[in-house]
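Engineer: Which chain is which? The protein sequence lines are W and Y, in order. Mapped onto our numbering, the consecutive letters of the first sequence carry residue numbers 1 to 173. Mapped onto our numbering, the consecutive letters of the second sequence carry residue numbers 1001 to 1154.
No lab work stands behind these hints, which were simulated from the structure alone. It should be emphasised that the depicted structure is a prediction, and the values quoted were computed from it without experimental measurement. Mixed in with the good hints there might be a few duds.
[Said to hold, decoys possible] For lysine to any residue, the following SDA-like pairs were computed, each having C-alpha atoms within a straight-line distance of at most 25 Å:
(1) Lys1075/Y to Arg45/W
(2) Lys113/W to Asp44/W
(3) Lys1075/Y to Asp44/W
(4) Lys39/W to Tyr149/W
(5) Lys113/W to Val1041/Y
(6) Lys1075/Y to Ser104/W
(7) Lys60/W to Arg145/W
(8) Lys1043/Y to Asp1092/Y
(9) Lys1043/Y to Tyr149/W
(10) Lys51/W to Ala1099/Y
(11) Lys1043/Y to Ala1099/Y
(12) Lys1075/Y to Tyr126/W
(13) Lys1043/Y to Arg145/W
(14) Lys1043/Y to Lys6/W
(15) Lys1077/Y to Ile111/W
(16) Lys60/W to Val72/W
(17) Lys6/W to Arg1120/Y
(18) Lys1043/Y to Gly133/W
(19) Lys148/W to Arg45/W
(20) Lys1043/Y to Phe154/W
(21) Lys39/W to Lys51/W
(22) Lys1077/Y to Lys6/W
(23) Lys113/W to Lys6/W
(24) Lys6/W to Trp1116/Y
(25) Lys6/W to Ala1109/Y
(26) Lys27/W to Pro1103/Y
(27) Lys48/W to Leu1060/Y
(28) Lys1075/Y to Ala109/W
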Amino acid sequence: MSGRLKLTGQVIAVALVAGLLGLLIWKVVHGSGTTAQPKNFNLDRLDKPGKIQLASLKGKVVVLNFMASWCVPCGQEAPQIERLWQQYRSRGVVVLGVDTADASEDARAFIRKHRLTYPVVRSVGYSLWGPYGLTGVPETRVIDRNGKYGKTQFHGAVTGSDLKAAIDQALES
Amino acid sequence: MRVLAASLAVVAVAIVAPPSALASDQHPSLAEIEPEVMCLVCKTTLDQSDSPFAQQERTLIRRLIDRGYTKSQIKRKLVAEYGPEILAAPPDSGFNILAWWLPIAGVLAGALALGWLAWRWSRGRREPPEPKETARLEPDLERQLDEELARFDG
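The following block holds chain Y by itself, in its conformation from the complex:
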């Protein structure tokens, strides 16, 4: 019974309390957005730049935060102002989704190719040939060899 009550409490808390991701989307901070957007002029993420362009971008982001924009709204506004290249990572929609899936597809294809090659290699390996039965010596020659060996041992 106690376990059931505890489980229900956990579920209730999970439902009532918003996930942190949602919270950060609703009330983003500048520090949170900076690594996710680019400084176009410096070709680095915004958190790594202090150029005049970066300063303008920061001012714009602060202004949008003050106006109550969510993180996704801020990103949309930045794209509208500066173009899609302002985002550090391509959006996961439309044609840009290829940028997310192609590397995964590449890794999978590579793994499949490796597996196939390994399978072929293991199948292609042949067992080492059985040693052929040694030909028997002529009786005279065998006796002579035995005598020689006996003399050598003795």
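Same shape as in the complex, but just chain W:
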């Protein structure tokens, strides 16, 4: 009886350890990091009513700009991103602001303050940080016409010239 009990305990302990290890592996594989293809989302717009689904933009070059109203560098790069949006929108480029970890009221004030005309969607909390491998804001991802990440991605504030080069590269690919 004692031997059987001991064996059962050992089996349970091994199963627990294996389960935890499995969870860890799953988290490492799926939980974070930038995959070759950006995860689809369907988020509410902040600038006007409605939703935007990332997958619906396939066939266009998409500039995903992760931002928040409390983030100082986000305010610094916003005018340059707006300028590029005006410059490239007729060439099949969509700039999409993704407001994250932010208060919606403040985010709307940010859009008004910087006179942003490109669409901005709202992601509550950290839901997109894992799938997009975000470590902070701002971060900018350029997605090519095939729905895959372009060669250059930006962690931190992006300059107009760097982003322009990345968009041109994505348009050519």
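Mind docking chain Y on chain W? Use the hints.
Structural biologist: For chain Y alone, coordinates are given in the frame of chain W:
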């Protein structure tokens, strides 16, 4: 009679005066809410951070207090704005209730396991074996031993 009157007075006061918890829920202060919510960016409670995110969160909480929100309404609004991770402690409802009960269940299970092991250990202990009766020596050998001992003593 006096005791009865005093008791009635205490009960009356308890009924009329709202409990402090209820009062603080109705009219919360920023300092009261800060340790109960997180600064998402800094991964600390709000009272320990002064980052731009924390400043925005504080401004939002102040705004909600000014609008007359109760503490629970403020927390609900914060969750709606920033997600459930904004709360320092998980809500005690739904799946999150596991976070409250699992540690207690773990401690209880550990105590039960310890008790069971102690019970088994105490039951498994055997009394030390009775010393066997020493074999008697041969009469000649015993006499010889007595003589030797007597000589040794003498």
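Engineer: Please go over all the hints and tell whether each is borne out by the structure.
Structural biologist: Comparing the hints with the structure gives:
no. : hint                   : result
1   : Lys1075/Y to Arg45/W   : 24 Å, holds
2   : Lys113/W to Asp44/W    : 20 Å, holds
3   : Lys1075/Y to Asp44/W   : 22 Å, holds
4   : Lys39/W to Tyr149/W    : 11 Å, holds
5   : Lys113/W to Val1041/Y  : 23 Å, holds
6   : Lys1075/Y to Ser104/W  : 15 Å, holds
7   : Lys60/W to Arg145/W    : 5 Å, holds
8   : Lys1043/Y to Asp1092/Y : 21 Å, holds
9   : Lys1043/Y to Tyr149/W  : 29 Å, violated
10  : Lys51/W to Ala1099/Y   : 34 Å, violated
11  : Lys1043/Y to Ala1099/Y : 19 Å, holds
12  : Lys1075/Y to Tyr126/W  : 17 Å, holds
13  : Lys1043/Y to Arg145/W  : 37 Å, violated
14  : Lys1043/Y to Lys6/W    : 42 Å, violated
15  : Lys1077/Y to Ile111/W  : 21 Å, holds
16  : Lys60/W to Val72/W     : 29 Å, violated
17  : Lys6/W to Arg1120/Y    : 13 Å, holds
18  : Lys1043/Y to Gly133/W  : 17 Å, holds
19  : Lys148/W to Arg45/W    : 23 Å, holds
20  : Lys1043/Y to Phe154/W  : 23 Å, holds
21  : Lys39/W to Lys51/W     : 16 Å, holds
22  : Lys1077/Y to Lys6/W    : 51 Å, violated
23  : Lys113/W to Lys6/W     : 68 Å, violated
24  : Lys6/W to Trp1116/Y    : 14 Å, holds
25  : Lys6/W to Ala1109/Y    : 17 Å, holds
26  : Lys27/W to Pro1103/Y   : 23 Å, holds
27  : Lys48/W to Leu1060/Y   : 22 Å, holds
28  : Lys1075/Y to Ala109/W  : 22 Å, holds
The structure fails hints 9, 10, 13, 14, 16, 22, 23 (numbered hints given earlier, in ascending order).
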